[in-house]
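Heads up: the sequence lines are chains L and C, in that order. All the letters of the first sequence, read from the start, carry residue numbers 1 to 198 under the working numbering. All the letters of the second sequence, read from the start, carry residue numbers 1 to 214 under the working numbering.
Hint data in this document are derived by calculation from the structure and do not stem from the laboratory. A virtual CB, placed ideally from N, CA and C, is assigned to each residue, including glycine. You may find that some hints are simply not true.
No more than 27 Å apart at the CA atoms, straight line, and that leaves these computed lysine-lysine pairs for DSS-like [unchecked claim]: (1) C:K129 to C:K106; (2) L:K136 to L:K90; (3) L:K51 to C:K129; (4) L:K30 to C:K140; (5) C:K51 to C:K129; (6) L:K64 to C:K51; (7) L:K136 to L:K180; (8) L:K136 to C:K140; (9) L:K136 to C:K51; (10) L:K180 to L:K90; (11) L:K90 to C:K129; (12) L:K51 to C:K51; (13) C:K9 to C:K106; (14) L:K64 to L:K90; (15) C:K106 to L:K30; (16) L:K90 to C:K140; (17) C:K106 to C:K51; (18) C:K9 to L:K90; (19) C:K106 to L:K31; (20) L:K51 to C:K140; (21) L:K90 to C:K106; (22) C:K51 to L:K31; (23) L:K51 to L:K64; (24) L:K31 to C:K9; (25) C:K129 to C:K140; (26) C:K51 to L:K90; (27) C:K77 to C:K106; (28) L:K51 to C:K106.
Short derived list, chain C residues pointing at chain L, Cβ under 8 Å [claimed, not checked]: (29) Y71; (30) A99; (31) L176; (32) S211.
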Amino acid sequence: MLVIERMSRPPSTIAREATVEDALSILAEKKQRHLPVLDAEENLVGIVSEKDLLRASHEEPIEKVMTQPVITVTEYTALEDAARIMADHKISSLPVMRDDRLVGIITETDLFLIFLELLGAREVGVRLTMLVPEEKGILASLTSEIAQMGGNIVALSTFRGEDPTNRMVTAKVSDAPTDKLVAIMEALGMEIVDVREG
Amino acid sequence: MLVRERMSKQPVTITADVPITEALRIMRENQVRRLPVLDSEGALIGIVSEKDLLYASPSPATSLSIYEMHYMLSRLKVTELMTPDPVTITPDTLLEEAALIMADNKIGGLPVMENGQLVGIITETDIFKVFLELLGAREKGLRLTLRIPERMGEMARITTAIAELGGNIMALGTFLGDDPTTAIVTVKVVDATEEELEAAMEDLELEVVDSRET
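Chain L on its own, in the form it takes in the complex:
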């Protein structure tokens, strides 16, 4: 999954000569928390956050309060790389560039919604959390067993386990009875941590 698939475009922007007050009213109107700053030639020259603006006086020009240089990504950056850049730099949005032109913006909120998708939070099914031994082919046997009993995996994700010998797997499965699912997973040597229907 790449940035291009989930970025907002075209992004709202602000001119570097505009004032803090202008920027705050755009943010309020668009319900956003960041604005990329452009010069007269539409080059990206900075970014301002709601917090930067709240700390400044209303008449101040944007270029005095903006952050620069700006950390950016491209449309073809992997979403998790975008997420990692945000986490490492403690920032919550990234302008998206194509050949030095601003084409979009991707925010923590966009990534947050993807997280919900990943875990199938809005899908219906039996949700299993299992501690799975860290060995090759283990996901293959897990998913094969579910398929063989007629279950459909609507979401599947893997997490770090309790130690390097295991990992945590969360699966949301439809079309399979809960008790049978649990029995089959236990027979495979999975430790069931949590089961719920949702």
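Given chain L, work out where chain C should sit, using these hints.
Using the frame of chain L, we list chain C on its own:
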């Protein structure tokens, strides 16, 4: 994955009668952006974010003198700016439920309650870190993005084919596809070559949308 596993335990808290200058100082000192607010008996009565406090602070362009401003800020108490009766969750709430509550209510952090006591706080940032883990963002390997038909047994075919190549799956996540008949799968694999993996996926008639070494 439950909130219990990723929440910050024993969060920094404040009481309702604290002036906002002090609340801002506590936030900066502890590098947090929100504080649960407790009454004198230790019961949770609200939550206050840095942004709530910043919106209340007079802008530096105010006509107030610096003394008047400090006086005003030192008189303004957290209780006037906090969100009372905040949405809370328990340690056994699913992480994605917590994420859903945050997204649906547009809030960045949730106090975690157990038996009437505040036991933790979970924020967007905590959930963000789990997201990085999910996609193996910090693992090395070959990262494939596949578009797969939404049908039974598809995941089994993919993971089996990777296992047969001797590949080890470091991370795997499923996303919604472009329409209800497809899904997008991102998988990070070690111990298999790009050519082998792409060939295996083509044998399964799966579309490789993207492939990269990380």
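Handout entry: Broken hints, by number
Key = As far as the earlier hints go, 2, 4, 9, 10, 20, 24, 29 and 32 are violated by this structure, in ascending order.
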